[in-house]
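Student: Here are the chains, one letter per residue:
Number of protein chains: 2
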Amino acid sequence: MTEVQTRRPARGGGGAARRAERGAVSFETAQYIRRNIPNFEILTEEALEIIETNAETVLAEIGVNFVNNPGALALWRDAGAEIEGERVRIPRGLARQLCATAPREYTQYARNPARNVVIGGKNLVLAPVYGPPFVHDIKGGRRYATMEDFRKFVKLGYMSKWLHHSGGTVCEPTDIPVNKRHLDMLHAHMTLSDKPFMGSVTEPSRAQDSVEMCEILFGRDFVQNNTVMTSLININSPMTFDDVMMGSLEVYARSNQAAIISPFIVGGAMAPVSVAGTLTQVLAEVLAGIAYSQLVRPGAPVIFGAFVTSIDMNSGAPTFGTPEASQITYGAGQLARRMGLPFRSAGSFCGSKLPDAQAAYETANSLNMGLLSGVNFMLHACGWLEGGLVSSFEKFVMDADQLGALHKFAEGVAIDENAQAMGAIREVGPSGHYLGCAHTQANFKSAFWRSDVFDYKPYETWHEEGARDTMALAAVKVEQMLANYQQPALDPSIAEGLADYVARKKDSMADAFM
Amino acid sequence: MTEVQTRRPARGGGGAARRAERGAVSFETAQYIRRNIPNFEILTEEALEIIETNAETVLAEIGVNFVNNPGALALWRDAGAEIEGERVRIPRGLARQLCATAPREYTQYARNPARNVVIGGKNLVLAPVYGPPFVHDIKGGRRYATMEDFRKFVKLGYMSKWLHHSGGTVCEPTDIPVNKRHLDMLHAHMTLSDKPFMGSVTEPSRAQDSVEMCEILFGRDFVQNNTVMTSLININSPMTFDDVMMGSLEVYARSNQAAIISPFIVGGAMAPVSVAGTLTQVLAEVLAGIAYSQLVRPGAPVIFGAFVTSIDMNSGAPTFGTPEASQITYGAGQLARRMGLPFRSAGSFCGSKLPDAQAAYETANSLNMGLLSGVNFMLHACGWLEGGLVSSFEKFVMDADQLGALHKFAEGVAIDENAQAMGAIREVGPSGHYLGCAHTQANFKSAFWRSDVFDYKPYETWHEEGARDTMALAAVKVEQMLANYQQPALDPSIAEGLADYVARKKDSMADAFM
Numbered sequence: 001m002t003e004v005q006t007r008r009p010a011r012g013g014g015g016a017a018r019r020a021e022r023g024a025v026s027f028e029t030a031q032y033i034r035r036n037i038p039n040f041e042i043l044t045e046e047a048l049e050i051i052e053t054n055a056e057t058v059l060a061e062i063g064v065n066f067v068n069n070p071g072a073l074a075l076w077r078d079a080g081a082e083i084e085g086e087r088v089r090i091p092r093g094l095a096r097q098l099c100a101t102a103p104r105e106y107t108q109y110a111r112n113p114a115r116n117v118v119i120g121g122k123n124l125v126l127a128p129v130y131g132p133p134f135v136h137d138i139k140g141g142r143r144y145a146t147m148e149d150f151r152k153f154v155k156l157g158y159m160s161k162w163l164h165h166s167g168g169t170v171c172e173p174t175d176i177p178v179n180k181r182h183l184d185m186l187h188a189h190m191t192l193s194d195k196p197f198m199g200s201v202t203e204p205s206r207a208q209d210s211v212e213m214c215e216i217l218f219g220r221d222f223v224q225n226n227t228v229m230t231s232l233i234n235i236n237s238p239m240t241f242d243d244v245m246m247g248s249l250e251v252y253a254r255s256n257q258a259a260i261i262s263p264f265i266v267g268g269a270m271a272p273v274s275v276a277g278t279l280t281q282v283l284a285e286v287l288a289g290i291a292y293s294q295l296v297r298p299g300a301p302v303i304f305g306a307f308v309t310s311i312d313m314n315s316g317a318p319t320f321g322t323p324e325a326s327q328i329t330y331g332a333g334q335l336a337r338r339m340g341l342p343f344r345s346a347g348s349f350c351g352s353k354l355p356d357a358q359a360a361y362e363t364a365n366s367l368n369m370g371l372l373s374g375v376n377f378m379l380h381a382c383g384w385l386e387g388g389l390v391s392s393f394e395k396f397v398m399d400a401d402q403l404g405a406l407h408k409f410a411e412g413v414a415i416d417e418n419a420q421a422m423g424a425i426r427e428v429g430p431s432g433h434y435l436g437c438a439h440t441q442a443n444f445k446s447a448f449w450r451s452d453v454f455d456y457k458p459y460e461t462w463h464e465e466g467a468r469d470t471m472a473l474a475a476v477k478v479e480q481m482l483a484n485y486q487q488p489a490l491d492p493s494i495a496e497g498l499a500d501y502v503a504r505k506k507d508s509m510a511d512a513f514m
Numbered sequence: 001m002t003e004v005q006t007r008r009p010a011r012g013g014g015g016a017a018r019r020a021e022r023g024a025v026s027f028e029t030a031q032y033i034r035r036n037i038p039n040f041e042i043l044t045e046e047a048l049e050i051i052e053t054n055a056e057t058v059l060a061e062i063g064v065n066f067v068n069n070p071g072a073l074a075l076w077r078d079a080g081a082e083i084e085g086e087r088v089r090i091p092r093g094l095a096r097q098l099c100a101t102a103p104r105e106y107t108q109y110a111r112n113p114a115r116n117v118v119i120g121g122k123n124l125v126l127a128p129v130y131g132p133p134f135v136h137d138i139k140g141g142r143r144y145a146t147m148e149d150f151r152k153f154v155k156l157g158y159m160s161k162w163l164h165h166s167g168g169t170v171c172e173p174t175d176i177p178v179n180k181r182h183l184d185m186l187h188a189h190m191t192l193s194d195k196p197f198m199g200s201v202t203e204p205s206r207a208q209d210s211v212e213m214c215e216i217l218f219g220r221d222f223v224q225n226n227t228v229m230t231s232l233i234n235i236n237s238p239m240t241f242d243d244v245m246m247g248s249l250e251v252y253a254r255s256n257q258a259a260i261i262s263p264f265i266v267g268g269a270m271a272p273v274s275v276a277g278t279l280t281q282v283l284a285e286v287l288a289g290i291a292y293s294q295l296v297r298p299g300a301p302v303i304f305g306a307f308v309t310s311i312d313m314n315s316g317a318p319t320f321g322t323p324e325a326s327q328i329t330y331g332a333g334q335l336a337r338r339m340g341l342p343f344r345s346a347g348s349f350c351g352s353k354l355p356d357a358q359a360a361y362e363t364a365n366s367l368n369m370g371l372l373s374g375v376n377f378m379l380h381a382c383g384w385l386e387g388g389l390v391s392s393f394e395k396f397v398m399d400a401d402q403l404g405a406l407h408k409f410a411e412g413v414a415i416d417e418n419a420q421a422m423g424a425i426r427e428v429g430p431s432g433h434y435l436g437c438a439h440t441q442a443n444f445k446s447a448f449w450r451s452d453v454f455d456y457k458p459y460e461t462w463h464e465e466g467a468r469d470t471m472a473l474a475a476v477k478v479e480q481m482l483a484n485y486q487q488p489a490l491d492p493s494i495a496e497g498l499a500d501y502v503a504r505k506k507d508s509m510a511d512a513f514m
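Chains as they are written, first to last, in UniProt numbering: chain A, 1 to 514; chain B, 1 to 514.
Okay, chain A solo, but in the shape it has when bound (with noise of 0.2 Å):
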């Protein structure tokens, strides 16, 4: 059975962590996925092969652009590529070799100690969904997102059992100006949910006010020993690492934090329309882009990303829960564990507009195929709705009880006596009945996963109580969890060290809304 533990005797995360680990109304959390399962591996080793050697090509031959950013370009010469303009020739094994200083796995810190994960090897890490404009609920369809949203969704986050990473922008909170709305988002993570979250990428000034707002949190002298968070760092595919990007990497790398680098691809757009073509280029790029970040620092603890969707060629929609999708995803999943790096890619991901059952076969395909494809962080893995375009409160906490499933499938199947039952066999016999013998009986508790939200009864009694479908039942439970939320204890001198810092930021800056 999954280890489920609220309280981990754990390196700490501070005196913050250790102070507010006392005081804490603490929701159960399950522990991290620790597979005891094989992963799924599509590809053959003559395909691996080809396409690592195709992805040299690229990088030798075609190379790469960092784009307004001469520090990095004169890194890259020094470190022995071909530079011209923006582009950067990689002379081929050099930045394979470049990325051998990055580590096969680190710990992220929470502030509840208990929560820390460890991002690699067979875990699997699960985190919310990241950077839609609109929300969308039962009672108010489809709106801009606002910063009370975006606190309900991190409040949501914190109550779901399988979820164990607060994640980071859950959904833009447009009524916060630009500028200065991921002092409020940092804010609420920090202060609203004690699992470990995401920094902001979207100036490298916003990365480095993240580190500052953690260093009030966690201590300063904690942030510079451990990681405490982990960041999104999109590649703009094909082949371009922009200075926005490249300069929130910078900051995090420097300061040891972690950093997910992640090309961000919809197939037959930003990449080849086949499979193996899009392989190549994801490679090449996270090769480049891995490379550089142990150019910054060596050691600095990175992530093997890959965001994937294949396209609509009738309508040019990207298109979601795709089997080109899997078949990259579980390519490139191989391709990670051949360097050794944990690997980021799947998602709740759905095109549907509504939690509908378009939605729920696209997402479950995707969950499967992350889960099998031997994903270390999942982001997005609950709450993605139209194409990222929404946060569906009903389909956060649908897909955050599936998210159970995986838990217990990524068990495997134990071979102990007690599991061969033999005795229970014997018992019951031809014709017999198991429901009472005695092997039933003592296991039936952690027998079979179940749902928290789906329906299980009876069709008189579901028709007599409205015959809700599953987005009605799922307004429910986020109803109730959220009237049932309670914060976690925090230091009040923490407390006010961050409030301090958020208004004395804000003050500093005048509204920018671009």
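What the hints contain is simulated information worked out from the structure, not anything from laboratory work. Bear in mind the structure is a predicted one, so any value in this text is a computation, not a measurement. We put the CB at the ideal spot given by N, CA and C, even for glycine. Among the hints, a few may not be true.
These stretches of chain B come out as covered by chain A in the derived footprint (C-beta under 8 Å, 3 or more residues) [unchecked claim]:
no., segment
1, 398-405
2, 412-422
3, 443-452
Each computed SDA-like pair below joins lysine to any residue, with the alpha-carbon atoms no more than 20 Å apart [stated by the list, open to error]:
no., chain 1, residue 1, chain 2, residue 2
4, A, Lys122, A, Gly412
5, B, Lys155, B, Ala30
6, B, Lys122, A, Glu41
7, B, Lys139, A, Gly466
8, A, Lys445, B, Asn314
9, B, Lys445, B, Leu482
10, A, Lys506, A, Thr191
11, A, Lys445, B, Asp312
12, B, Lys155, B, His187
13, B, Lys457, A, Pro133
Interface residues of chain B toward chain A, partial, derived using beta-carbon atoms under 10 Å [claimed, not checked]:
no., residue
14, Leu43
15, Thr107
16, Met270
17, Gly277
18, Gln281
19, Met313
20, Pro318
21, Glu324
22, Gly331
23, His439
24, Thr470
With chain A held as given, fit chain B onto it using these hints.
Tutor: The following block gives chain B in isolation, referenced to the frame of chain A:
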């Protein structure tokens, strides 16, 4: 790309088939899936050996019951089993040895030879839902199924591109007397579709009627020498083989017609609550059932079946798409491959009352698992609702659409020069766009699987068109398909022969409703 064809050079399905083929208005049907991907193997060699040893212990020490079946007991006694009352104890190794005469794969012939299917090996044949007494559609809600509903489902199956098989009891036509409905059902499959189908198993005499109707459709010689039906023989788990099912099996095996030998298991009720224990019992039951089929006629085509769900221990309701059911199915697939037998499991399983998000999560979990577990024959691949109580028109179409994604995924990853796409990566370069490049233009038609049901439109368009969910979109598709249905041509003398047979048989019996 999946080979989609309506004309395949293949050994014909008798004179009727050849005549029908010339005049048919034929809807496009994909070739059955031939996997070019590995299977997911969850059990270690050690675990497999323990389960195999334990299954032999079950057969030798506990035994199985063959109920009301003196003939079966005599066959078993002659083969070396120990008989005590109706209990059959099978010495270690005997059942497995008897199973060795069953073929590794077999062809089931259709009256349209382009729709013959090869069951076994790396193939996956998809057949619709089987058995529900109710139907559900968006207009009429949930109600008892009628023969008119049955015919509609056969038509939908005939027109569904990704469905290779017409199935059997797509719903129970409750308006027809119990002892006559098999005649109408077979008549519908034989005349409204030209895909392969299943025979009746509810009485041995009805199995015999099924064989006789096939003799009219395919010709008597053809049926004696070829398999034209694959029928479902359920085992009354635990370890009970009743006379009705075994009587039907005997009819089919003697006629060289195929049978799925399938434990029917709700874990915790008909089998132990543990995965390893359930697999032990499944294997013991299948060994005994398939061994018996080979005692009846060595070489009779059979399938290793496993219908497996878990149970909600709170309410006693069966639950679907769960991690435990997946683990059991993956393990059963490994056991079947070690026996060298075709494998049947998985399907569009769900417990939901509506084709909503719950239904789709559960179904997608099960469909993905079915593909990766090496299933060769997937009954219930579309249309299953409410724990198998209901055949849903909308879900039939939604699920059948998802089956297209399985086809595409199963093709595996091409690694030839075109797939490597190095020319495209060179052409586009950093910061470019792939939509217009030559490689994209040359490959876009076959590059990405696309749903024919899901919504891919911009939000505004979708909203203007009524903000329809997946069920509403599927309902439109159901109406369109039924409106466009055209019956495949059939030789008039055969059509007359079938109609006469049905009328004559019906006249020979009083109506029975139990």
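Student: Next step is simple, just say for each hint if it's right about the structure.
Tutor: Evaluation of the provided hints:
Counting residues of the segment 398-405 of chain B whose CB lies closer than 8 Å to any CB of chain A gives 3, which reaches the minimum of 3, so the coverage claim holds. With 9 residues carrying a beta carbon less than 8 Å from a beta carbon of chain A, the segment 412-422 of chain B meets the three-residue requirement, and the given coverage holds. Counting residues of the segment 443-452 of chain B whose C-beta sits closer than 8 Å to any C-beta of chain A gives 8, which meets the bar of three, so the coverage hint holds. A distance of roughly 13 Å separates the Cα atoms of Lys122 (chain A) and Gly412 (chain A); the hinted pair therefore holds under the 20 Å criterion.
For the hint pairing Lys155 (chain B) with Ala30 (chain B), the CA-to-CA distance comes to about 16 Å; that is within 20 Å, so the pair holds. For the hint linking Lys122 (chain B) to Glu41 (chain A), the alpha-carbon distance of about 17 Å falls within 20 Å, and the restraint holds. Distance hint between Lys139 (chain B) and Gly466 (chain A) is fulfilled; the C-alpha atoms sit about 17 Å from each other, no more than 20 Å. Restraint check for Lys445 (chain A) and Asn314 (chain B): satisfied, since their Cα atoms lie roughly 9 Å apart, inside the 20 Å limit.
For the proposed pair Lys445 (chain B) and Leu482 (chain B), the alpha carbon gap of about 27 Å is over 20 Å, so the pair is violated. Using a Cα cut-off of 20 Å, the hinted pair Lys506 (chain A) and Thr191 (chain A) holds, with the two alpha carbons roughly 18 Å apart. For the suggested pair Lys445 (chain A) and Asp312 (chain B), the alpha carbons sit about 10 Å apart, so the restraint of at most 20 Å is met. Of the pairs offered as hints, the one joining Lys155 (chain B) and His187 (chain B) holds, with about 13 Å between alpha carbons and a cut-off of 20 Å not exceeded.
With a C-alpha separation of about 19 Å, the suggested pair Lys457 (chain B) and Pro133 (chain A) falls inside the 20 Å cut-off, and the hint holds. For Leu43 (chain B), the interface hint holds, since its Cβ comes within 10 Å of a Cβ in chain A; the closest pair sits about 6 Å apart. At about 27 Å, the closest approach between the beta carbon of Thr107 (chain B) and any beta carbon in chain A exceeds 10 Å, and the interface hint on this residue is violated. With its C-beta approaching chain A no nearer than about 7 Å, Met270 (chain B) sits inside the 10 Å limit, and its interface hint holds.
With its C-beta approaching chain A no nearer than about 3 Å, Gly277 (chain B) sits inside the 10 Å limit, and its interface hint holds. Because the closest C-beta pair between Gln281 (chain B) and chain A is about 6 Å apart, less than 10 Å, the hint holds. Because the beta carbon of Met313 (chain B) sits about 5 Å from the nearest beta carbon in chain A, less than 10 Å, this interface hint is met. A cut of 10 Å between beta carbons decides the hint on Pro318 (chain B): the least distance to chain A is about 9 Å, and the hint holds.
The beta carbon of Glu324 (chain B) comes within 5 Å of a beta carbon in chain A, closer than 10 Å, and the hint placing it at the interface holds. With a least beta-carbon distance of about 6 Å to chain A, the hint placing Gly331 (chain B) at the interface is held under the 10 Å criterion. Here the hint on His439 (chain B) is kept, as its CB sits about 6 Å from the closest CB of chain A, short of 10 Å. Of the supplied interface hints, the one on Thr470 (chain B) holds, with its beta-carbon coming within about 4 Å of a beta-carbon of chain A, less than 10 Å.
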